[in-house]
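Model the placement of chain B on the given structure of chain A, informed by the hints.
The listed protein sequences derive, respectively, from chains A and B.
So the mapping is simple: our numbering equals the position in the first sequence, first residue as 1, plus 8.
So the mapping is simple: our numbering equals the position in the second sequence, first residue as 1, plus 8.
Hint data in this document are derived by calculation from the structure and do not stem from the laboratory.
Heads up, a few of these hints could be off.
Put simply, identical chains are the same to the list, so a pair is met inside one copy or across any two.
As a list, the in silico PhoX-like pairs of lysine-lysine whose alpha-carbon atoms are at most 25 Å apart [what the hints assert, rightly or not]: (1) LYS280 - LYS113; (2) LYS310 - LYS113; (3) LYS113 - LYS128; (4) LYS126 - LYS113; (5) LYS19 - LYS30; (6) LYS113 - LYS123; (7) LYS113 - LYS357; (8) LYS280 - LYS357; (9) LYS113 - LYS229; (10) LYS128 - LYS280; (11) LYS340 - LYS280; (12) LYS19 - LYS357.
Number of protein chains: 2
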Amino acid sequence: MFMESLQNVQKKYAAFKAQGLKLDMSRGKPCSEQVALSDDLDGILKGNYLSQASEDCRNYGNPAGIAEARELCAQILEVPSSQVLVGGNSSLNLMSDTIKRAMLKGIMGNTPWCKLPKVKFLCPVPGYDRHFGLCEDAGIEMVNIPMTSGGPDMNEVERLVKSEAVKGIWCVPKYSNPDGISYSDETIKRLATLKPTAADFRIFWDNAYCVHHFDINKPDKILNIYDECAKHGNEDLVYIFASTSKVTFAGAGIAAMGASPANFKEILAATKVQTIGFDKVNQLRHARFFCNKDNILAHMEKHAQIIKPKFDLVMQILEEELADCGLASWSKPNGGYFISVFVKEGTAKRVCALCQESGVTLTGAGATYPYGDDPDDSNIRIAPTFPPLDELEISMRLFCTCVKLAYIENNNIF
Amino acid sequence: MFMESLQNVQKKYAAFKAQGLKLDMSRGKPCSEQVALSDDLDGILKGNYLSQASEDCRNYGNPAGIAEARELCAQILEVPSSQVLVGGNSSLNLMSDTIKRAMLKGIMGNTPWCKLPKVKFLCPVPGYDRHFGLCEDAGIEMVNIPMTSGGPDMNEVERLVKSEAVKGIWCVPKYSNPDGISYSDETIKRLATLKPTAADFRIFWDNAYCVHHFDINKPDKILNIYDECAKHGNEDLVYIFASTSKVTFAGAGIAAMGASPANFKEILAATKVQTIGFDKVNQLRHARFFCNKDNILAHMEKHAQIIKPKFDLVMQILEEELADCGLASWSKPNGGYFISVFVKEGTAKRVCALCQESGVTLTGAGATYPYGDDPDDSNIRIAPTFPPLDELEISMRLFCTCVKLAYIENNNIF
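Next up, chain A with everything else stripped away, as it sits in the complex (with noise of 0.2 Å):
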């Protein structure tokens, strides 16, 4: 029961405003402190460009990546290294790839997607805008999954895989963006065992915060898709993706792809044409930083108390600040990079605004949703990582006292 006064808060507010802040929380970026765990990438190879397999990494080739990096993606991605790609420095580009080809190709031999009246995606919501945006910018129609404590709704999922048109399913199973919900072992036995229509659905398994704990010895677990799949001959069923985006540096890691050995002989072939080889001198990095996904869990630690502060500082401004009024409620996750909130109804935009007007830019509100369509405008993703601690903190103060004035606002409490 909100019974804060108006004066009150708009007091508040013209305090921050008065403030002339300029900060950005818009998007889930590592802080300085957190990339800075991975300055010596450059210069480890000291003169050695060799891969174990004395493959020189500076010259052409190899499109499937260095044995080394696709062994260690594996030991992420969890499927046989054999089956692993290794690509540029974006899974986002991998993903983008995967899409224009069935857009053009088509998958195994299915008609390709362009030359279809209608392809849709099941878009668990709220999501992550780049999934959407490849969506969005291909024409594929997206249809809103509501998202449950174990993950996208099953039910809704089973009965709309059902239509030929359906070709896909976008899943972060893992601290998902933004609700930071790990998959049920149901929701993934279920996932695995989809019998879609069209025989070129394709599970879309952008994994990007496996190993992205808070506590490592708390970390959430989630079934392994590829193996849950293959156990019911269903093993084309998904693309599995991740990177060290948010592990070594954002902007130049290595991202990574894993799926069936029919899946991957065709993305392989595909590749083969587009590029003569990604860049292997980076895999070659990367392997030799980590060498094993144990080294990778022990940095992640590293990044683990670097960023758990922030969602604790967020955790407890929000608790402090909203938890009594009943405007809000939010995600208490165990890793990735997101917190989302949900305000009330019809209020989101309008908070996003007036942080914006404060000098706090947030992400915007829709953007977790297909078309930047939130139809209760009310999800709001807090991308705690990037900010320092006193920035956090006056930025998360601001915010709650926006969430209330919208709400004020928006029920003439005057």
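Leaving out everything else, chain B in the frame of chain A:
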């Protein structure tokens, strides 16, 4: 007039075969000594990952590339840096993206090519197999255009662009692959003033060998295509590509694309959908390594010192073995990566097969033509840069023997 006896040639061939060679001259790859010229790239940053504009190159963002890398690439693309996109390690991938974009989205509001009954590209032949591969993969019909000593036959080009279906032409304007031809001023002026029927016709100007001179004091010079186009209000006609693949690391350089402001705007908008940004750390390495084009040119002199003797050796052997017999003619380039040999009609495939049987892999005969189909079965691409001189000598002696043997076989001179 060929006079050598069958017995003599067979005897020589048998002697090569007995050596159990295993040599690969199939691709235009730099040799180890060449890529080693850039070994200082890894480690050059010495912990300073900030661009001149103080942006953190380790982090996300800036899909057009960092300013100093755009400036550097602008100097070799010869367009203003504000119209330059610096990508990942592969200019082929930039071309692939460009084709896919045109297929799926269309160029500047024109119908997406995938919605058209037929799309054609003009392909000067012989040419670069990977260009042809992009077209073939996209289902674009390729039309052979004969090369003259000054570039593509412009009468044919001017005639064919009257067709609405003709949407592009592949050009490697300097030290062309494989002929080593640099386009004449007249050719470039005629290309720049083309009036194609299709508003979305584009020249794909792959200036892959723009700084790849054998003698820096006697480089081939070609007109600036962008300036020529702009002079005639035709600046949207051309997409310009280049990379440092054969300057620094073949597999880990930086690639760039330049175009008119209107084209650039469209390219950048599409790029922002597919990636959050390319590898800016590697862009920064390159910008620090070179600073400017003069240093690139100085660096290319070191390449020339390594590869010029290889080209000289090939020339010498071709001259010694084939000049008098009239069985072949070949290019004498001033730069680039290839020598183009025309053997007697109907014998190129057999020459390559004979070489292969004796352990020397050449670029497959036909590879320099669309669909792998050399209508005369006559052209063979020699790539002398990768093998050491001793291997190159054996390979070329074997090659010349195979040219003779294939001719004798083909003409039943027994």
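Now for the hints, and whether the structure bears them out:
Within a single copy, LYS280 and LYS113 get their C-alpha atoms as close as 14 Å, and across copies as close as 23 Å, so both meet the 25 Å cut-off. In the homo-oligomer, the alpha carbons of LYS310 and LYS113 never lie at most 25 Å apart, since the shortest distance is 43 Å inside one protomer and 43 Å across protomers. For a Cα distance limit of 25 Å, the shortest separation of LYS113 from LYS128 qualifies both inside one copy, at 17 Å, and across copies, at 18 Å. Taking CA atoms no more than 25 Å apart as the test, LYS126 paired with LYS113 passes in both settings, with 16 Å inside one copy and 16 Å between copies.
Taking the closest pair of Cα atoms, LYS19 and LYS30 come within 25 Å of each other only inside a single copy of the chain (20 Å); across copies the shortest separation is 82 Å, beyond that limit. In the homo-oligomer, the alpha carbons of LYS113 and LYS123 lie at most 25 Å apart both inside one protomer (10 Å) and across protomers (13 Å), since each shortest distance falls under that limit. For a Cα distance limit of 25 Å, the shortest separation of LYS113 from LYS357 qualifies neither inside one copy, at 40 Å, nor across copies, at 31 Å. In this homomeric assembly, LYS280 and LYS357 come within 25 Å of each other (Cα to Cα) only across copies, at 24 Å, whereas the closest approach inside a single copy is 45 Å.
Taking the shortest Cα distances, LYS113 and LYS229 never come within 25 Å of each other, neither inside one copy (36 Å) nor across copies (40 Å). With identical chains, the CA atoms of LYS128 and LYS280 are at most 25 Å apart between copies only, with a shortest distance of 22 Å across copies and 28 Å within one. Taking the shortest alpha-carbon separations for LYS340 and LYS280, neither the intra-copy value of 43 Å nor the inter-copy value of 31 Å comes in at or below 25 Å. Proximity of LYS19 and LYS357 under a CA criterion of 25 Å is satisfied intra-copy only: 21 Å inside one chain copy versus 84 Å between copies.
Figure legend: structure checked against the earlier numbered hints; hints not met, in rising order: 2, 7, 9 and 11.
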